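Q: Each chain is listed here by its residues.
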Amino acid sequence: MSLKLGSIVGTLGGRLLGSPDLLMTGLAPLQSAHSHQISFLSQPRYRSQLPASQAGCVIVGVDMEDEVKDRLSAIITDDPYLYFARLTRLWKSEHRQTAGPRIHPSAVIDSTAVIASDAVVGPLCVIERGAQLGAGTVLKSRVSIGEDCIVGARCLLHSGVVIGADGFGFAPHQGQWEKIEQLGAVRIGDDVEIGANTCIDRGALEDTVIEDGVKLDNLIQIGHNVHVGRHTAMAGCVGVAGSARIGAHCTVGGGAVVLGHLTVADHVHISAASVVTRSILKPGQYTGMFPLDSNANWEKNAATLKQLSRLRDRIKSLESDNQNNKEN
Amino acid sequence: MSLKLGSIVGTLGGRLLGSPDLLMTGLAPLQSAHSHQISFLSQPRYRSQLPASQAGCVIVGVDMEDEVKDRLSAIITDDPYLYFARLTRLWKSEHRQTAGPRIHPSAVIDSTAVIASDAVVGPLCVIERGAQLGAGTVLKSRVSIGEDCIVGARCLLHSGVVIGADGFGFAPHQGQWEKIEQLGAVRIGDDVEIGANTCIDRGALEDTVIEDGVKLDNLIQIGHNVHVGRHTAMAGCVGVAGSARIGAHCTVGGGAVVLGHLTVADHVHISAASVVTRSILKPGQYTGMFPLDSNANWEKNAATLKQLSRLRDRIKSLESDNQNNKEN
Amino acid sequence: MSLKLGSIVGTLGGRLLGSPDLLMTGLAPLQSAHSHQISFLSQPRYRSQLPASQAGCVIVGVDMEDEVKDRLSAIITDDPYLYFARLTRLWKSEHRQTAGPRIHPSAVIDSTAVIASDAVVGPLCVIERGAQLGAGTVLKSRVSIGEDCIVGARCLLHSGVVIGADGFGFAPHQGQWEKIEQLGAVRIGDDVEIGANTCIDRGALEDTVIEDGVKLDNLIQIGHNVHVGRHTAMAGCVGVAGSARIGAHCTVGGGAVVLGHLTVADHVHISAASVVTRSILKPGQYTGMFPLDSNANWEKNAATLKQLSRLRDRIKSLESDNQNNKEN
Chain A
7 MSLKLGSIVG
17 TLGGRLLGSP
27 DLLMTGLAPL
37 QSAHSHQISF
47 LSQPRYRSQL
57 PASQAGCVIV
67 GVDMEDEVKD
77 RLSAIITDDP
87 YLYFARLTRL
97 WKSEHRQTAG
107 PRIHPSAVID
117 STAVIASDAV
127 VGPLCVIERG
137 AQLGAGTVLK
147 SRVSIGEDCI
157 VGARCLLHSG
167 VVIGADGFGF
177 APHQGQWEKI
187 EQLGAVRIGD
197 DVEIGANTCI
207 DRGALEDTVI
217 EDGVKLDNLI
227 QIGHNVHVGR
237 HTAMAGCVGV
247 AGSARIGAHC
257 TVGGGAVVLG
267 HLTVADHVHI
277 SAASVVTRSI
287 LKPGQYTGMF
297 PLDSNANWEK
307 NAATLKQLSR
317 LRDRIKSLES
327 DNQNNKEN
Chain B
7 MSLKLGSIVG
17 TLGGRLLGSP
27 DLLMTGLAPL
37 QSAHSHQISF
47 LSQPRYRSQL
57 PASQAGCVIV
67 GVDMEDEVKD
77 RLSAIITDDP
87 YLYFARLTRL
97 WKSEHRQTAG
107 PRIHPSAVID
117 STAVIASDAV
127 VGPLCVIERG
137 AQLGAGTVLK
147 SRVSIGEDCI
157 VGARCLLHSG
167 VVIGADGFGF
177 APHQGQWEKI
187 EQLGAVRIGD
197 DVEIGANTCI
207 DRGALEDTVI
217 EDGVKLDNLI
227 QIGHNVHVGR
237 HTAMAGCVGV
247 AGSARIGAHC
257 TVGGGAVVLG
267 HLTVADHVHI
277 SAASVVTRSI
287 LKPGQYTGMF
297 PLDSNANWEK
307 NAATLKQLSR
317 LRDRIKSLES
327 DNQNNKEN
Chain C
7 MSLKLGSIVG
17 TLGGRLLGSP
27 DLLMTGLAPL
37 QSAHSHQISF
47 LSQPRYRSQL
57 PASQAGCVIV
67 GVDMEDEVKD
77 RLSAIITDDP
87 YLYFARLTRL
97 WKSEHRQTAG
107 PRIHPSAVID
117 STAVIASDAV
127 VGPLCVIERG
137 AQLGAGTVLK
147 SRVSIGEDCI
157 VGARCLLHSG
167 VVIGADGFGF
177 APHQGQWEKI
187 EQLGAVRIGD
197 DVEIGANTCI
207 DRGALEDTVI
217 EDGVKLDNLI
227 QIGHNVHVGR
237 HTAMAGCVGV
247 AGSARIGAHC
257 TVGGGAVVLG
267 HLTVADHVHI
277 SAASVVTRSI
287 LKPGQYTGMF
297 PLDSNANWEK
307 NAATLKQLSR
317 LRDRIKSLES
327 DNQNNKEN
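For the record, the sequence lines run as chains A, B and C. The number in the working numbering is simply the position in the first sequence, starting from 1, with 6 added. The number in the working numbering is simply the position in the second sequence, starting from 1, with 6 added. The number in the working numbering is simply the position in the third sequence, starting from 1, with 6 added.
Chain A on its own, in the form it takes in the complex:
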């Protein structure tokens, strides 16, 4: 498994410093790369690792040309991180081994499901009645696609994903819960990636919608009727409650929760572990998370926090005392 530098820049572009015949046997981080491995530097904070790196070739930005001119080789490009991303894809495509069967015989697929001729269905997947998979879409092992759910083209669904389980809908009646049948489905656009064991529920009446280019990490819960705008990305363990409407080009940090029936505008960034309790109508970064502290300090502060509104009243009262004193 190896690629010549000349072949890499031939395919991906960039300006090569050094011999095109140098053979690279792998990709590695700056700190651990050895002389037959290619690495990259995209963030200034890792700049100090460059001089000591044993990497045979380093992908760097135009501003770094001076700092790599004495190295064995380097690739100069406008966006080293993007170049690196493309190199991983080139690497993988060059070194792909014989694939298994396109539709694994262990998958259970309803006869009415419509699967594009080049879609891949991994072992032990379940595709229910009327479901559809677009061209080039890949289901890894043990993915379930529920009745009438649609997955677009070039999607990648990792193991254990569940698309189209019932949304969580019940009407209270005399202290018990009466089920609301979930009559909608899930519609997923093109170029969507969905992480392991993530769940996207079917809509109650209309469809739950995931637009083109959305990227969802592992163990995410998307409730019924949710709408996620295109190119939005969510990190692991996020929960989005029913009927929330999340804009395009948003990011949601790991473990964050978005409550139901809220609207989040385009280009909103939610920090990890934050809870969105109201609609957000302006782009920007939003956070709500108790800062970590030593347990001893936390205990003191948390105890005081429960009296915070009273503390405010005491400040007010002090201010009014002082005001009276001044006036007298």
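It is possible that part of the hints are untrue.
Where chains are identical, the list cannot tell them apart; a pair therefore holds if satisfied intra-copy or between any two copies.
Taking lysine to any residue pairs in the SDA-like style, the calculated list, with each CA pair at most 25 Å apart, reads [what the hints assert, rightly or not]: (1) K288 <-> D154; (2) K306 <-> D319; (3) K98 <-> R51; (4) K98 <-> D27; (5) K98 <-> G24; (6) K322 <-> A122; (7) K75 <-> L56; (8) K312 <-> E325; (9) K185 <-> T31.
Calculated directly from the structure, the hints in this document are not laboratory data. Predicted model, so just to flag it, every value in this text is computed and none were measured.
Using the hints, position chains B and C against chain A.
A: Just chains B and C, lined up with the frame of chain A:
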């Protein structure tokens, strides 16, 4: 797929305004329903959507009769949301297509498992030794029921559910962990619904118990020895730690965490993303969650929060200064 | 299913008070044990349950000998909880029923995977190309082990676990996300237990590493390139973001989140639902979690919290007023 209004009120009751021969082809929300669809209005905040709604029929409460009298048709009922729930069930039962096999041949079922004659076991489920499924219970695809676990009647378990994995029990010994075998099982009552990829662990010595009518959303973790009282509902991503005892008729919001060995009384409502750190003995709503803010504001407030107990001391000191001033 | 007390102390040690011929039919907690069951007392707070317990035999520490001398029987040992752990294992091994096939025929295993001769692969597992399972390792049902991932010896992976899904890596480009192929794998040491539906992603370039003796509960997300040190334990629903490095002998409470690229020292204990937002270099217990309160109190305090830094400024201003007053 369609139903006449006369047939709907014939089955579900309610008072019909308009022709019983009107044919409805689906259910839809007020805003998007067209003239052959039936909709409902249960919450006052959606009242303003009624006049513009194109819905062919609207289910409303008795107090709304005046506002629908000029519409093509309407159904008047005491509880429109409950009526809607029942209509979704009627709709689904009327339009159910040929079902697959009752016990899917791809399911792996131990010969000692006891499965009620009308229970349904979906594709690629695993039912281990001595497990039991009650009458009318449905397992969707890829559900695992562990050894000796019991699921009652009329339950619905969605894809990826795991019942009866080992509880998380280890004894510390010389810096390592020695496993405590989990000798209990899981007992689930009747009319329980369990969401996709949710896990309920087996008890250490006795059983983990989920009582009748409990509804659990997706990606919930229920630890060993937990007891969840009847008709309690939990939203997605909730975690309940071992040996917690949760009452009946409770609700737990999405992403909330209940710590171990705690007791939560009946009729307690935990807000989303809140952490239950102590037993709750009185009914009511409980919350603990950092309010969301712009990241810039959050940073200022979070930094101050770490000095909160010192701020309290400073207020105290100011108060005592003022007291001294007054006395002098 | 039963064991004589003599046989128990013969195998596990400890000093028996009472007849070695007493037959025990099970293990049970102090409160519910009956006269043919064996129980244990390891925590002082349960001491008050001892006198009323009907247990036929109680495992207690050396300091408790006086309090059990009038009981039917007891086992005296240095560490009753550890003794209990070992008894559960003895019990399970004595009462194990005929096992199923070692490699379940429904499992889908690539021909290049290397599986130790006494490893157990449960129903409907998927083991991809080049993956390895060490001696004595057990996969319960529906576990996926991705390409080239390595699981050590004597590991136990519960149902629904996904090892080696792609890490969540994308390069932003013109408002869209370009995939970074994840070229690393997952390396799991010996004696690791992994809970149901937990996910461990493969590394981007190098491997994600879980060291010996780590215990992970259910529904945990471990991002790419993470390193978890030996004998660290994490409770359910924890999320560890990419490239975090967690030390040895740590514990992480349920629902906690560790952000990416952070370092956590050995012997650090993170409380449940806390968010680790910075590296932790000293052992100790760390917490950050909004304390639970009645919703009404919470609303008042949370509203004030959003003005906390202004409150601090007002206190400062009051202090400076008082200082001026004193000086005048």
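Q: Which of the numbered hints are not met once you compare them with the structure shown?
A: As far as the earlier hints go, 1, 3 and 6 are violated by this structure, in ascending order.
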